[in-house]
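Those sequence lines, one after another, are chains C and G.
Numbered per my numbering, the first sequence spans residues 4 to 281.
Numbered per my numbering, the second sequence spans residues 33 to 319.
Hints may be right or wrong, so weigh each one.
As the list claims (entries may be wrong) - Not everything, but these chain G residues come out facing chain C in the computed CB check (under 7 angstroms):
hint: 1; residue: Pro47
hint: 2; residue: Trp51
hint: 3; residue: Gly53
hint: 4; residue: Leu66
hint: 5; residue: Val68
hint: 6; residue: Pro117
hint: 7; residue: Val118
hint: 8; residue: Leu260
hint: 9; residue: Leu267
hint: 10; residue: Thr270
hint: 11; residue: Trp283
hint: 12; residue: Leu294
hint: 13; residue: Gly303
hint: 14; residue: Gln310
hint: 15; residue: Leu312
None of these hints come from the bench; they were simulated from the model.
By construction, the Cβ of each residue, glycine as well, lies at the ideal position given by its N, Cα and C atoms.
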Amino acid sequence: MRRSNALWRLYVAAFYLFLFAPLFTVAVFAFNASGFASPPWRGFTLAWFVGTGAEFGKPGVLRDRAMLAAIANSFEVAIPVALMAVILGTANAFVLERAQFRGKHVLALMMLWPLVIPGVILGISILAFFSRLANGLEDWLQRDLEFLRPGHTLMVLGQLSFILSLSTLIIAARLRRFDRALEEAAFDLGASRTRVLRTVTLPYLRPAMVGAGLVALLMSFENFNTTLMLVGSEPPLPVYMYGQMREGATPAVNAVSLLLMLFAGGLATVAVMVARHD
Amino acid sequence: MSEPRRFGLFLLLAPAALWLGLLVILPHVEIAILSVSERIAPRVYAFGLANYREFFVEPLYWRTFARTAVMSIMVTALTLLLAFPVALYIARAARGRAKSILFLLCLLPFWVSELVRTLGWMILMRETGVISTSLQKIGLISGPIELLYNDGAVVLGLVYGGLLFMVVPLVNALDSLDPSLVEAGYDLGGSRATVLRRIVIPHAMPGIVAGCIVVFMLTVGNFATPVLLGGKNGLWFTEQIYSQFITRFNWPQGSAFGFLLLALSSAIVWGGLKLSGQSLGQTLRQG
């Protein structure tokens, strides 16, 4: 009995080692003074973050134009996705928890669908549909609608297609726990519908809205499968990293990975704090 | 329903209708149509099942499909096997602070992009990587070894990527197991294995099903891990879809492949739900 308990504990320890080994490795080799992210250790350097490229022929992340452009592209996609996920997700939450209409069950089920569709298929279907739309409109209007072709708009829409399911679930879960008596009290005190919404219901929902926004930001930043199908000439960070990794990446990719880990860790901490505050 | 209320409902439903209509339903209708289109002349298409026929005729396609399905089942089983003892430990053995820290530590790596995690495995496993170099240093092997670009590497990467989605539903399911039930099992003379088999595992079943469904779905639909860790030998079906769509620009063929993958993934999700008698909503909320 005791020996099997020790074995169990040993296994759990090995499991956590396994879990963190790749992340630890990525972080360590971001500081290796070598042109390749491989042993041996050639000394500590910050060149892969701030170097000009004089030492290793390739600049560090913060001076690498292509890398900075990829980071900017990621933000340009992630911020609209997060904002729309919160606003539309809140509307959907009211549909699920408050509205009464025929076919609500079917709609509630359909809102979960995107989570069980492989991301690659979401990507190709949106690519194909919007191309047909663009071609049809081009014949009709006699001009090419650039935003319906692969690029920022399609990436935002593609990511939104499944991130909206998540934000809807998160916000609806909180709305379900809301005590309607609070709203009724406000109505009794003579408040209008909009005023009740603004001063009672939405403030109550705020932690869930912030949480959903942070989750959406992170999911957008990290999405690869759907985004890959919809990317135009300006790749966001994961697609850019993928290209670099296929060609044989320099430790600059490690450096940007470490920054990404810190960014994700920061967002996660804020999300946990918001959840605890509530 | 009064007019203004009806208008209000209409307005409230508009985002959901636009989202599901324009981003989910119509796009899938579009690839359904594309998948049954045959090119009969340049830019002229007619109805036909040639794209599906092509899938069964060309061995590379159906073999890659079968390989993806079989390997995904293996990955799911292996993930369950690896995650179960850890979930059991978090849910039953760990107490108080240690418990929440262990649980949080499990979530942490999955806040980081899949590509970062894959990069880590590449640095560890390549010919000039950390494992190969360390083994040479301690004298276990004489020359460098390449651990990447084989099925083992692909399975490892996919199992790693699936762990979180297995551990979380398992912990949630095991958390609600009443300790007195386990004690009763021992009191009645049950061995450790018997208690596990007759009490703990049946109780964890909803979590096991939820975890397996999600892990299988994510594994089948994965793209970066098999391509980066498997290289030319990765041969994952999503790669075929990508190459038809993006490289060869044969959208009808790619759409047919997409539908086949969707059918596989949906069949497993549906089968798993039927097996456990749970609804999709319950299952997704577990995860």
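We went through each hint and held it up to the structure:
1. Pro47: Holds, about 4 angstroms.
2. Trp51: Holds. Min distance 6 angstroms.
3. Gly53: violated, 10 angstroms
4. Leu66: holds, 6 angstroms
5. Val68: Violated. Min distance 13 angstroms.
6. Pro117: holds, 6 angstroms
7. Val118: Constraint on Val118 of chain G satisfied, holds at 5 angstroms.
8. Leu260: holds, 6 angstroms
9. Leu267: violated, 15 angstroms
10. Thr270: Holds. Min distance 5 angstroms.
11. Trp283: Holds. Min distance 6 angstroms.
12. Leu294: Given a least distance of 5 angstroms, the restraint on Leu294 of chain G holds.
13. Gly303: It is violated, given that the least Cβ distance between Gly303 of chain G and chain C is near 13 angstroms, above 7 angstroms.
14. Gln310: violated, 13 angstroms
15. Leu312: At 5 angstroms from the nearest chain C Cβ, Leu312 of chain G passes the 7 angstroms test, so the hint holds.
In the structure shown, a violation is registered for the earlier hints numbered 3, 5, 9, 13, 14, in ascending order.
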